[in-house]
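Novice: Listed below are the residues making up each chain.
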Amino acid sequence: MTMSESRMSVGAFFRKYTMVIALVVVVVFFAIATGGGSLKPGSINNLISQNGYVFVLASGMLLCILTGGNIDLSVGSVVCFAASIGCVMMDRGMNMWLAVLAMLAIGLAIGVFQGFWIAKVHVPAFIATLSGMYAFRGLSNVVLQGYRVDISNEQFLFLFGGGRDCYIPDYVRQLMGTEGKPNLTCLAIGIVAVAVYALMTVRRIHVQKKLNIHQSILGQVLTTCAICAVVLFITWQMASFRGIPTVLIWIALVLGVYQYITTKTAMGRHLYAVGGNEKATALSGVKTRNVYWFAYASIGLMAGLAGILTAARAKGIDPTYGEGYEMDAIASCFIGGASAYGGTGKVSGMIIGAVLMGVINQGMNMVGVDSNLQRVVKGLVLLLAVVFDVMSKRQKR
Amino acid sequence: MAKILLEMKNITKTFPGVKALDNVNLQVEEGEIHALVGENGAGKSTLMNVLSGIYPFGTYEGDIVYNGQVCKFSNIKDSEKLGIVIIHQELALVPEMTIGENMFLGNERGSKFAIDWNTTYAEADKYLRMVNLEESSKVQVKTIGTGKQQLVEIAKALAKQARLLILDEPTSSLNEEDSRALLDLMLGFKKQGMTMIIISHKLNEVAYVADKITVIRDGTTIETIDNRGPEPVSEERIIKGMVGREMTNRFPPRQGVKIGDVMMEVDHWTVHHPLYPERKVVDDVSMYVRKGEVVGIYGLMGAGRTELAMSIFGQSYGANFSGELKIDGKPVKMKKSVSDAIKHKIAYVTEDRKGNGLILSQSIKVNTSLANLSSLASMGVIDQDREYAVAEEYRDKLKTKTPTVEQLVGNLSGGNQQKVLLAKWMFAEPDIMLLDEPTRGIDVGAKYEIYCIINDLAAQGKCVVMISSELPEVLGMSDRIYIMNEGRMVGEMKAEDATQENIMALILQSGRGA
Numbered sequence: 001m002t003m004s005e006s007r008m009s010v011g012a013f014f015r016k017y018t019m020v021i022a023l024v025v026v027v028v029f030f031a032i033a034t035g036g037g038s039l040k041p042g043s044i045n046n047l048i049s050q051n052g053y054v055f056v057l058a059s060g061m062l063l064c065i066l067t068g069g070n071i072d073l074s075v076g077s078v079v080c081f082a083a084s085i086g087c088v089m090m091d092r093g094m095n096m097w098l099a100v101l102a103m104l105a106i107g108l109a110i111g112v113f114q115g116f117w118i119a120k121v122h123v124p125a126f127i128a129t130l131s132g133m134y135a136f137r138g139l140s141n142v143v144l145q146g147y148r149v150d151i152s153n154e155q156f157l158f159l160f161g162g163g164r165d166c167y168i169p170d171y172v173r174q175l176m177g178t179e180g181k182p183n184l185t186c187l188a189i190g191i192v193a194v195a196v197y198a199l200m201t202v203r204r205i206h207v208q209k210k211l212n213i214h215q216s217i218l219g220q221v222l223t224t225c226a227i228c229a230v231v232l233f234i235t236w237q238m239a240s241f242r243g244i245p246t247v248l249i250w251i252a253l254v255l256g257v258y259q260y261i262t263t264k265t266a267m268g269r270h271l272y273a274v275g276g277n278e279k280a281t282a283l284s285g286v287k288t289r290n291v292y293w294f295a296y297a298s299i300g301l302m303a304g305l306a307g308i309l310t311a312a313r314a315k316g317i318d319p320t321y322g323e324g325y326e327m328d329a330i331a332s333c334f335i336g337g338a339s340a341y342g343g344t345g346k347v348s349g350m351i352i353g354a355v356l357m358g359v360i361n362q363g364m365n366m367v368g369v370d371s372n373l374q375r376v377v378k379g380l381v382l383l384l385a386v387v388f389d390v391m392s393k394r395q396k397r
Numbered sequence: 398m399a400k401i402l403l404e405m406k407n408i409t410k411t412f413p414g415v416k417a418l419d420n421v422n423l424q425v426e427e428g429e430i431h432a433l434v435g436e437n438g439a440g441k442s443t444l445m446n447v448l449s450g451i452y453p454f455g456t457y458e459g460d461i462v463y464n465g466q467v468c469k470f471s472n473i474k475d476s477e478k479l480g481i482v483i484i485h486q487e488l489a490l491v492p493e494m495t496i497g498e499n500m501f502l503g504n505e506r507g508s509k510f511a512i513d514w515n516t517t518y519a520e521a522d523k524y525l526r527m528v529n530l531e532e533s534s535k536v537q538v539k540t541i542g543t544g545k546q547q548l549v550e551i552a553k554a555l556a557k558q559a560r561l562l563i564l565d566e567p568t569s570s571l572n573e574e575d576s577r578a579l580l581d582l583m584l585g586f587k588k589q590g591m592t593m594i595i596i597s598h599k600l601n602e603v604a605y606v607a608d609k610i611t612v613i614r615d616g617t618t619i620e621t622i623d624n625r626g627p628e629p630v631s632e633e634r635i636i637k638g639m640v641g642r643e644m645t646n647r648f649p650p651r652q653g654v655k656i657g658d659v660m661m662e663v664d665h666w667t668v669h670h671p672l673y674p675e676r677k678v679v680d681d682v683s684m685y686v687r688k689g690e691v692v693g694i695y696g697l698m699g700a701g702r703t704e705l706a707m708s709i710f711g712q713s714y715g716a717n718f719s720g721e722l723k724i725d726g727k728p729v730k731m732k733k734s735v736s737d738a739i740k741h742k743i744a745y746v747t748e749d750r751k752g753n754g755l756i757l758s759q760s761i762k763v764n765t766s767l768a769n770l771s772s773l774a775s776m777g778v779i780d781q782d783r784e785y786a787v788a789e790e791y792r793d794k795l796k797t798k799t800p801t802v803e804q805l806v807g808n809l810s811g812g813n814q815q816k817v818l819l820a821k822w823m824f825a826e827p828d829i830m831l832l833d834e835p836t837r838g839i840d841v842g843a844k845y846e847i848y849c850i851i852n853d854l855a856a857q858g859k860c861v862v863m864i865s866s867e868l869p870e871v872l873g874m875s876d877r878i879y880i881m882n883e884g885r886m887v888g889e890m891k892a893e894d895a896t897q898e899n900i901m902a903l904i905l906q907s908g909r910g911a
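In order, the protein sequence lines correspond to chains A and B.
Counting along the first sequence from 1, when you hit position 81 you're at 81 in the working numbering, and nothing is skipped either side.
Start counting at 1 in the second sequence, then tack on 397, and there's your number in the working numbering.
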């Protein structure tokens, strides 16, 4: 790397990684404020299971935002509605898998329904989903008749991360016939994940060399090392606690699928294209309205899944559950650098945004900040993040 | 020698990593029309942004001396106070508002608490008459044509008590007739003592209107040509300064192209306006193109050329289509679908590359593959290595100037953007290419390269339909020329029979005139 390159990259580095730096600062701050408590295995575990729904909903939300800053206000209500139906089904003794399928199907159907109005009838997304927000909240109340319904199906709770024992059992130790900590299965999975990720980076750099793409190799190696280190740390903490919480499987699955959709598939490309310039995209032969439809169908499905996770975590459903979920998802995307005008935004950014919000939430809880004040802080973080984004884009000109 | 109204001395402006202006000097006499010419990216607009305070004092080096005083503008308001008013290339009018409201936007007439509408409209009307507009100032801007909107912009500038008027590409979206009217209006203002700076790519207009021509190349002033002699300066003379060499041939010759059979044919093609279904925008048009042929379509703005092309391209414009489209002699029943058109090997390269053509926030690579992504994907998954290779291939072929194909298209110059747009459609592998104003707003060097690309396409046996409102380009590039006016085909001639005069005569004779 020459001198000029390294000098150029300092400003660019800060711009590119503003939110990562912010996240590190916040993590360190709360680690100090809680005397290391926020980095304890239990806290990390809580962080993951408490925010499962955010990752899932924000993934879907990202696609909607990509199409042009469109949001889905209805997801909170859909989460509650889908979960209500599923819980009532299980409460009446129906098969658990039937209930799970029903919840996903309901989410998807609602997404397709709302997407129809948005894509085909050109109803503004804001309005179509605002009406959904009212309607499905009301319907949840009707289904639950105003009362809470509890879940007693242990298998459901275990699979979707509710209750005390929903961790992946330590199969490795079972095989070896030993007991104790650390959880070797968790360690093994973490190490394999890191190894696969490192290999992917090596392959990518190799391809770049072959094709003569000039990208900072050092930067990519450092990024990969940083991510591996974080993953290994979390793995170790979880291993010395109870292992991998089952909800993490669902989160990882969703994040993986959405990362794949946005970076590798033609549909992902079309989402960015529509948000970047819808007219040009239409004149390139892309059926742009179907792209909208896909985005809203996908977030519907995610709302169904989030409903499952929410119900499992709370071991039941109450007509008020899911309120404000849409805002958490939207905030995560915007904090993560998605453009409010569409066309830009990444899954990795959204993850940073969601974790940042989660860490702040949890940290403030542990420090004992008043819950009203917590909302003020959240609001300010969102504003600051977007201000940063706007300013750094302006500096580029 | 007349008084120097404006002098810009040793202006240097650097952006991170780029020196956009390097010791630029500009002297403008009171009461003259001074033209600034140069290729795209030469620094003309940057210089004017420095002058008008968009880049405030302190962000550049050098002095601006205006009316004998050194000026330190910190924003546009400062420069406007002294009568320096800039009219930007892109019209900055609010379509939904009336002419009067637009004219005094940010400069409202009346007291602090209420706008005095009577004064507003009375004054607005006064300024409209000064630019020879008969419209009432109570008319919504969206209801008048582009030519008139440009005049409203000028009236708006006059309302700001302009003493030095800067016009950035004022005729880029105007047809020849409106352009001429605007240039004559400028000459009229000059007689009344107004000083003007005009930035333009249209060298014939510059030669017609300017007293002095300053050439900027690569951020430095090359020369100032005096154009007050009895004979206007030749375009070749100006081009020499702009590109640093003599351009002996502006249109590359097409060699060894065999024109084949008829590839596409349109019969009695009629298209109605999408919003006013009773209005015909394309009226009973018939035309054909042969393999390896470059067919020019000339017409004034609003002649229906773009509408014709877009309606052929998967009915992407208009309503109530009738007529027949034949490809390779077979009638094609085309649905209202762009992807259908692409399947029939038709490509439409838009005139509006920023609005309808490119995704500025995405990379060259992404833009290049967009119209034919399916060929790079299996089961909906893109082969990104191949995609990169394709983008590289077209970058090489079209000589797009960029460090990498990962560069965002929004950061490219107009000429390079146009090349990306062409690359995108060449990659879609069409047999029929409808090029709509393929050289609009790009500099002389890039134009030549685009012409070479068009020749290559013809040599590969593709049919090229080139829509253009620049007559020399149509004459220089086409094998055959169609002339359109008011939605109808009013003439067809072979290139060797065509001259500027007989084409214009055809348009004027076609009756209703423009």
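Think of the hints as simulated: they come from the structure by calculation, not from any bench.
Note that beta-carbon positions come from the ideal geometry of N, C-alpha and C, so glycine has one too.
Check each hint, because a few of them may be wrong.
To be verified - Sample of chain B residues at the chain A side, in silico, Cβ under 8 Å:
no., residue
1, 752
2, 754
3, 758
4, 759
5, 777
6, 785
7, 786
8, 787
9, 790
10, 901
11, 903
12, 907
Novice: Each hint: holds or not?
Specialist: Structure-based check of each hint:
1. 752: For residue 752 of chain B, the interface hint holds, since the closest Cβ of chain A sits about 6 Å away, which is under 8 Å.
2. 754: holds, 5 Å
3. 758: holds, 5 Å
4. 759: holds, 5 Å
5. 777: holds, 5 Å
6. 785: holds, 6 Å
7. 786: holds, 7 Å
8. 787: violated, 11 Å
9. 790: This interface hint is violated because 12 Å lies over the 8 Å limit.
10. 901: Status violated, d = 32 Å.
11. 903: violated, 31 Å
12. 907: violated, 30 Å
Consistency with the previously given hints fails for numbers 8, 9, 10, 11, 12, ordered from lowest to highest.
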